[in-house]
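Heads up: the sequence lines are chains A and B, in that order. Heads up: the first sequence begins at 42 in our numbering, then just goes up one per residue. Heads up: the second sequence begins at 21 in our numbering, then just goes up one per residue.
Bear in mind the hints are in silico, worked out from the structure with no lab data behind them. Computed from a predicted model, the values in this text were never measured in an experiment. Do not rely on the hints blindly, as some may be mistaken.
[Said to hold, decoys possible] Heads up, simulated DSS-like pairs for lysine-lysine below, C-alpha to C-alpha not over 30 Å straight-line:
1. B:K208 / A:K98
2. B:K208 / B:K120
3. B:K59 / A:K92
So you can see what is in the structure, the chains are spelled out below.
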Amino acid sequence: MQKDLETKFLLDFETNQNIAHKICRVYTTNQSDHNDLFQEITIQLWKNYPKFRGDAKFSTWMYRVALNTAISLYRKSTRTVKTQDISDFAYKIKSTDYDDTEEIQLKALYKAIHKLNDIDKALIFLYLEDKPYKEISETLGISSVNARVKMNRAKEKLKNILNP
Amino acid sequence: MDLLENYKKAWENQPEENNKFSAVEIYKMAKSRSSSIVKWIFIIGILEFVLLNSLYFVFDMDSAYAEYEKLGLMNFVYCTQILAYIILFYFLGMFYINYKSISTVDSTKKLMKKIVKTRKTVRNYVLFNLGYMALLMFTVMIAEINFNFEDLNIKQILLIILLTFVITLVFLGVLWLFYQLLYGILLKKLYKNHIELAKLDSINS
Numbered sequence: 042m043q044k045d046l047e048t049k050f051l052l053d054f055e056t057n058q059n060i061a062h063k064i065c066r067v068y069t070t071n072q073s074d075h076n077d078l079f080q081e082i083t084i085q086l087w088k089n090y091p092k093f094r095g096d097a098k099f100s101t102w103m104y105r106v107a108l109n110t111a112i113s114l115y116r117k118s119t120r121t122v123k124t125q126d127i128s129d130f131a132y133k134i135k136s137t138d139y140d141d142t143e144e145i146q147l148k149a150l151y152k153a154i155h156k157l158n159d160i161d162k163a164l165i166f167l168y169l170e171d172k173p174y175k176e177i178s179e180t181l182g183i184s185s186v187n188a189r190v191k192m193n194r195a196k197e198k199l200k201n202i203l204n205p
Numbered sequence: 021m022d023l024l025e026n027y028k029k030a031w032e033n034q035p036e037e038n039n040k041f042s043a044v045e046i047y048k049m050a051k052s053r054s055s056s057i058v059k060w061i062f063i064i065g066i067l068e069f070v071l072l073n074s075l076y077f078v079f080d081m082d083s084a085y086a087e088y089e090k091l092g093l094m095n096f097v098y099c100t101q102i103l104a105y106i107i108l109f110y111f112l113g114m115f116y117i118n119y120k121s122i123s124t125v126d127s128t129k130k131l132m133k134k135i136v137k138t139r140k141t142v143r144n145y146v147l148f149n150l151g152y153m154a155l156l157m158f159t160v161m162i163a164e165i166n167f168n169f170e171d172l173n174i175k176q177i178l179l180i181i182l183l184t185f186v187i188t189l190v191f192l193g194v195l196w197l198f199y200q201l202l203y204g205i206l207l208k209k210l211y212k213n214h215i216e217l218a219k220l221d222s223i224n225s
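Chain A on its own, in the form it takes in the complex:
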């Protein structure tokens, strides 16, 4: 049974790992921290996997565990990191069919997100991932009214950073 569970977990996580990578990019600014956080997320996912009942989608469940790990369990804080550290951050977005303006936009977006506080980061990340308010409020444990208010504020903050 244990072996089956492990195999299933590895399969689920391997195919969905991009979600965790995106969260790592939002919450860290260099590759070593990225890997560090990714490892902690993996540990937490694995630890909680036996309790994952499959009544929700694996990816939905993963958003919550991974975000919680980044916000509450991971010790390092990105806000103390100097902006120049972002330059050595491996976005690795060199792809032939990739539009140049979007690449620039994406870099600017990450740079702006890094300036937000951890909660706003989560809100913006969930917005960018197109999550419904219901899921956002459940993930963070706040009412959906508050989620909306806070989301609007976070978006305003982000806009001001992007377009001062």
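With chain A held as given, fit chain B onto it using these hints.
Same frame as chain A, now just chain B:
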């Protein structure tokens, strides 16, 4: 179109991570040891329980007991020690239950609350211990004065009271500062995020 909608499109079109981990690498990571805040709270909490209790082994308790005997405090010491052990086990139990209930599957707010609660259990235990030490010191002081009452003048009595006060304060103060520093460093980020989340909750409630 909204400014953010543009960026959102760029976000949606961002390519997948190049440095993807293989199943073998993920397996290795899953089996590695966590270095999360919760893990540290657990380790530090256990260390605190062990350290505070080993103080009794560090100090020369035989001479202390002889002194208690002389002062007629034996019953008091026995009773408070039994009580202290009951309370120790209560705190250890609470600490373990709180620690175990921490789950990343909970919502962010609930998770943070549980982490803070776990930490508070240890803080309360340390407070209890500091209080207990202070009580013991003052009891011994009063008994000491009482025992030697005929040989002491007012000046000496005041000096003993003052000294006991200062020593107790310094000793407990240093312990408290050390403790604040330790958790301050560990939980600074968590508290900040907790406040941030609570702030938004008070908007409409």
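Going down the list of hints, with the structure as the test:
1. B:K208 / A:K98: At roughly 33 Å apart (the allowed maximum being 30 Å), A:K98 and B:K208 break the hint.
2. B:K208 / B:K120: holds (22 Å)
3. B:K59 / A:K92: Between B:K59 and A:K92 the Cα gap is close to 20 Å, so the pair holds against 30 Å.
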